[in-house]
Amino acid sequence: MVATNTAQAPQTGKLAISDTEVAIEIINMNKWYGDFHVLRDINLKVMRGERIVICGPSGSGKSTMIRCINRLEEHQKGKIIVDGIELTNDLKKIDEVRREVGMVFQHFNLFPHLTILENCTLAPIWVRKMPRKEAEEIAMHYLERVRIPEQAHKYPGQLSGGQQQRVAIARALCMNPRIMLFDEPTSALDPEMIKEVLETMVDLAESGMTMLCVTHEMGFARQVANRVIFMDQGQIIEQNTPQEFFDNPQHERTKVFLSQILH
Amino acid sequence: MSEHSVAYVAQREVPRVPAPRKETGFFGTLRKNLFATSLDSAITIALAIFVIWGVWRLVHWGIMTAVFTGDNREACLPTEAQPVVGACWAFVNAKFGQIIYGLYPIDQRWRIDIVYALLAVLTVPMLSPSVPWKRLNAILLFVVFPFVALVLLTGGNFAVSGAWVGFLLAIAALASVLVAASSVMPSERLLRVARWLAVVSIVVVFLNNIIPSGSFRLLGLSFTTLALIATLLALGAVAACVAAADTQARKLYVLIPLAAVVALVVLLAANFGLTEVPTHLWGGLLLTLVVALVGIVASLPLGILLALGRRSHLPAVRLLSIIFIEFWRGVPLITVLFMSTFMIPLLLPEGVTFNNLLRALIGVALFTAAYLAEVVRGGLQAIPKGQFEGAQALGLSYWQMMRLVIMPQALKLVIPGIVNSFISMFKDTSLVYIIGLADLLGTVRRGFADPNWITPTTAATGLVFAGFLYWVFCFGMSRYSQFLERRFDTGYRR
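Residue numbers (this note's numbering), protein chains in the order written: chain A, 683 to 945; chain B, -18 to 475.
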């Protein structure tokens, strides 16, 4: 992507970021895949309303880190506290966290045997115990917000990649989450469809949602992030405001990375 | 050619046109597929002659020289007037009642007819997607019908012991706990009390089998002290569930399992004035259908649970599932049936008897479940990891994820495998003949051992007829599975 060209001046400063309310706190978190040390001493504090973009070379552990936040991956050492709930082996706590944290995946992970509307109402009905009618109203509201209400009765396989990803965003929003995680939401999309998904995400950011986003869309990072985190080999090696991060990177590895992707 | 295509640019928009036709009429197809070369023609003609000859032999045997009427073997013996005798349909005609009903008393056969009719009335709408009220239909077919059929076929009037009442109530209490726990805001403390009462109740039921305690009669049922304790504990659990549930509607739902158990006990214990027909008189198609349907209905849920167990992260569950599956898959069905007849009585304490048919049913169901478990596991493995993660990230619990997201997709993938197992099991039910149960095939074989009907062609006729009946059922299952595959194929999977 020709990211620098589309970048605009940060315009989201007007959005309130809480300076007292902590959304996510990660303290000295370590994770191993077998003997391989994938995440090393991760420390991160995310305030409510913050929008954080995480970037770094592939294999640097960015996806693993955000997947630890809703316990799709288990960490072995350290603490992760989401919305005041510490993630342990306690299934109840895990479910509580997952109810409050929405996630959007690289490959959408929509359920192919359910219609778009059913995809969106499944969790509200079964997890939130919402009456079907109310769940459907909420689902239609969010499908309108991602601008595809007319597709509600189709199956995921009938939609384009960009539309599927927007449905995935709507599906996560239907649970009314307090935090949204994005795991490379545009990496599996054709270039023509990236824009529509990014617009939806910008829209969401402007509504004040706490967001953690693993992405290589540097234009998006400049436009909406208030912090950019750079990871390499399982460690956070640099974090800064997007302005500082892009214009004045401190770490040698960051400079190499940025020169690679920004040309 | 290449220099042309390198620089080629479309000058105008080429309209989309339909694909060219492949065949040119009936004769064109014939020529293309059957008579393309002289060798093809030769093979076609040779095979055609063979097919015509085969069909002719069959028609000759089955219709032209066949005997359709007659009262005994005399009718089917070669005579001077008819030196060649084909199929002896008179035999099938004479034994038809036995083939369908077995040795079931002739004046009681209407009970079987009612069961067949009920089964048809409930199954046909269940299998047709366009008929509404699927939930009610499923409850009637899978919950109510088996017990009605049981009472109709055996005659009912069972001596239901207090231990059974306690056991059933304990199960009902566990179901109530699940219902109450699904409330939005259940009272956690009462729920915990209910859960403990239900579990203790089950433990007491099992203790009751080991420890003898004084027995007495209550409400027409014979209770032991421990069975009564278990019953009271289970009732207490249900009461706690009612108190724990939040809304009025849910309080009613909590009572449904209890009501079902009471209805069941009343149904089984009541005397409807039906003559008792012991299971050793059951036979023919009735027995085949009982074994096959019980096998199908019991093995599918068990197979699904075993498949999930084998993929579980809990080592004990996984190990037990693997042992179970590998044991049943490793043993021939004949061995299972023999063991159920000759081994289990040796292992059971003296005085405890188990119905022969029931043992065969359990054997067939467990055997099929082990096969189905592996078929279903194959389906589970084909589901991408993202589907599990998508469901988990939404906060669905393990069972919700499996029931709502994973299983519908996995089962759809393995419909051919599941139906394959069912068809093979349907035919394997004929093995119950070796433990003295006269199923469809067994009845036919008994028939041609009848001295009244010994002729050169009786056996062949009987076997062809039995084979045809098996084929009708298996072909029906096969066609229905293909229909299901087409129906569930949303066709847009990526």
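These aren't lab readings, by the way, just hints derived from the structure by calculation.
Note that the Cβ used here is the ideal one computed from N, Cα and C, for glycine as well.
Treat the hints with caution; some may be incorrect.
From the structure, some residues in chain A lie toward chain B, with a derived Cβ separation under 10 Å [claimed, not checked]:
1. Ser740
2. Arg753
3. Arg781
4. Ala854
5. Arg935
Derived lysine-lysine pairs resembling PhoX-like cross-links, with alpha carbons at most 25 Å apart [unchecked claim]:
6. A:Lys836 - B:Lys366
7. A:Lys775 - A:Lys759
8. B:Lys232 - A:Lys811
9. A:Lys815 - B:Lys232
10. B:Lys115 - A:Lys774
11. A:Lys761 - A:Lys775
12. A:Lys836 - A:Lys877
13. B:Lys366 - A:Lys775
Hint check results:
| no. | hint | result |
| --- | --- | --- |
| 1 | Ser740 | 18 Å, violated |
| 2 | Arg753 | 8 Å, holds |
| 3 | Arg781 | 4 Å, holds |
| 4 | Ala854 | 8 Å, holds |
| 5 | Arg935 | 30 Å, violated |
| 6 | A:Lys836 - B:Lys366 | 23 Å, holds |
| 7 | A:Lys775 - A:Lys759 | 18 Å, holds |
| 8 | B:Lys232 - A:Lys811 | 16 Å, holds |
| 9 | A:Lys815 - B:Lys232 | 22 Å, holds |
| 10 | B:Lys115 - A:Lys774 | 34 Å, violated |
| 11 | A:Lys761 - A:Lys775 | 14 Å, holds |
| 12 | A:Lys836 - A:Lys877 | 23 Å, holds |
| 13 | B:Lys366 - A:Lys775 | 23 Å, holds |
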